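*Asks:* Read off the chains here:
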Amino acid sequence: DAGVIQSPRHEVTEMGQEVTLRCKPISGHNSLFWYRQTMMRGLELLIYFNNNVPIDDSGMPEDRFSAKMPNASFSTLKIQPSEPRDSAVYFCASSLARGGSKTDTQYFGPGTRLTVL
Amino acid sequence: AQSVTQPDIHITVSEGASLELRCNYSYGATPYLFWYVQSPGQGLQLLLKYFSGDTLVQGIKGFEAEFKRSQSSFNLRKPSVHWSDAAEYFCAVGPNFGNEKLTFGTGTRLTIIP
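Line by line, the protein sequences are chains A and B.
Take -19 as the starting number for the first sequence in this note's numbering and just add one per residue.
Take 4 as the starting number for the second sequence in this note's numbering and just add one per residue.
Read the hints as simulated data drawn from the structure, not as lab findings.
No experiment lies behind these values; they were computed from the predicted model shown.
Don't be surprised by glycine CBs; every beta carbon is placed ideally from N, CA and C.
It is possible that part of the hints are untrue.
[As the list claims (entries may be wrong)] Distance condition first, Cα-Cα at most 25 Å in a straight line; then the derived SDA-like pairs of lysine to any residue:
#: 1; chain 1: B; residue 1: K52; chain 2: A; residue 2: N30
#: 2; chain 1: B; residue 1: K52; chain 2: A; residue 2: G(-4)
#: 3; chain 1: B; residue 1: K52; chain 2: A; residue 2: K48
#: 4; chain 1: B; residue 1: K71; chain 2: B; residue 2: V60
#: 5; chain 1: B; residue 1: K52; chain 2: A; residue 2: A(-18)
#: 6; chain 1: A; residue 1: K4; chain 2: A; residue 2: K48
#: 7; chain 1: A; residue 1: K48; chain 2: A; residue 2: D84
#: 8; chain 1: B; residue 1: K52; chain 2: A; residue 2: N10
#: 9; chain 1: B; residue 1: K71; chain 2: B; residue 2: W86
#: 10; chain 1: A; residue 1: K4; chain 2: B; residue 2: P10
#: 11; chain 1: A; residue 1: K4; chain 2: A; residue 2: D37
#: 12; chain 1: B; residue 1: K64; chain 2: A; residue 2: L76
#: 13; chain 1: B; residue 1: K71; chain 2: A; residue 2: I(-15)
#: 14; chain 1: B; residue 1: K52; chain 2: A; residue 2: I(-15)
#: 15; chain 1: A; residue 1: K48; chain 2: A; residue 2: G(-4)
#: 16; chain 1: B; residue 1: K64; chain 2: B; residue 2: G31
#: 17; chain 1: A; residue 1: K48; chain 2: B; residue 2: T106
#: 18; chain 1: B; residue 1: K52; chain 2: A; residue 2: T85
#: 19; chain 1: B; residue 1: K64; chain 2: A; residue 2: S38
[Said to hold, decoys possible] Derived list of chain A stretches under chain B, where covered just means 3 residues or more per stretch with a C-beta under 8 Å from a C-beta of chain B:
#: 20; stretch: 56 to 68
#: 21; stretch: 84 to 94
[As the list claims (entries may be wrong)] Just a sample of chain A residues kept apart from chain B, beta carbon distances all over 12 Å, derived:
#: 22; residue: Q(-14)
#: 23; residue: R(-11)
#: 24; residue: R21
#: 25; residue: P50
#: 26; residue: S75
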């Protein structure tokens, strides 16, 4: 079975440019999570969706960041305009929520390493 | 609010020696607990999880963890480490009532020496 798929694996861009990161969750999973990992701040949850609906976006750093999930098999995280401090590894994860406030194992993708010059 | 503490930032162990990585949590009810491993340049992989039942949980790659409610701990153990175990290890606790968020610890980096 294919795991969580993320693209691109590496992205180098210049400050001010728009960056779009993509994620395909595991088929059948109904929750999707976007994380950011840096040396300074560790692993931070940015936003998560359940059944394509954003549930908690309290971790989104500012208005430059936006995330969408137009269908159950695709999500994007967009940064516009990008800044050097956005340089990090961005992970997508998915899980099969069991309803209510239940949680279950999150399966992580390989990540996108973003460098903003 | 729930929290996870991994008190050891970096641990060095000789190959073949035993390993214990510490994880302490703060949570208002019976938690769901996870250990993930991250190899360099890779995503996080689940090692094991505790939801309920037997407090000693077996995972992949020969790892185990024990849930101790009285100590609010979920320490990860392995009787004999291999050079391939060198990685970063993360403990996580959930759910955050009302949603599925996991709270991750800051990680413990494991170095294996020959």
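*Asks:* For the pair we were handed, K52 (chain B) and N10 (chain A), check the Cα-Cα distance against 25 Å.
*Replies:* Satisfied, since the Cα-Cα distance of roughly 20 Å is no more than 25 Å.
*Asks:* Given the hinted pair K52 (chain B) and N30 (chain A), is their Cα-Cα distance within 25 Å?
*Replies:* Satisfied, since the Cα-Cα distance of roughly 22 Å is no more than 25 Å.
*Asks:* Could you grab the alpha-carbon distance between K48 (chain A) and G(-4) (chain A) and see if it respects the 25 Å cut-off?
*Replies:* Judged against 25 Å, a Cα distance of about 21 Å means the pair holds.
*Asks:* Given that the stretch 84 to 94 of chain A was listed as covered by chain B, double-check it with a C-beta distance under 8 Å for 3 or more residues.
*Replies:* With 8 residues in contact (Cβ-Cβ under 8 Å with chain B), the coverage given for the stretch 84 to 94 of chain A holds.
*Asks:* Does W86 (chain B) sit within 25 Å of K71 (chain B), going by the straight-line distance between their CA atoms?
*Replies:* violated (29 Å)
*Asks:* Does G31 (chain B) lie within 25 Å of K64 (chain B) when you go C-alpha to C-alpha?
*Replies:* violated (31 Å)
*Asks:* Against chain B, does the stretch 56 to 68 of chain A show at least 3 residues with beta-carbon separation below 8 Å?
*Replies:* With 0 residues close enough to chain B, the hint is violated.
*Asks:* Keeping to a limit of 25 Å between CA atoms, is the pair of K4 (chain A) and P10 (chain B) held or broken?
*Replies:* violated (34 Å)
*Asks:* Is the hinted pair K52 (chain B) and G(-4) (chain A) satisfied, with a Cα-Cα distance of at most 25 Å?
*Replies:* violated (41 Å)
*Asks:* K4 (chain A) and D37 (chain A): Cα distance at most 25 Å?
*Replies:* holds (19 Å)
*Asks:* Does K48 (chain A) lie within 25 Å of K52 (chain B) when you go C-alpha to C-alpha?
*Replies:* violated (29 Å)
*Asks:* Hinted pair, alpha-carbon criterion (25 Å max): K64 (chain B), L76 (chain A). Please report holds or violated.
*Replies:* Judged against 25 Å, a Cα distance of about 24 Å means the pair holds.
Consistency note: the structure conflicts with the earlier hints numbered 2, 3, 9, 10, 13, 16, 19, 20, 22, 23, 24, 26.
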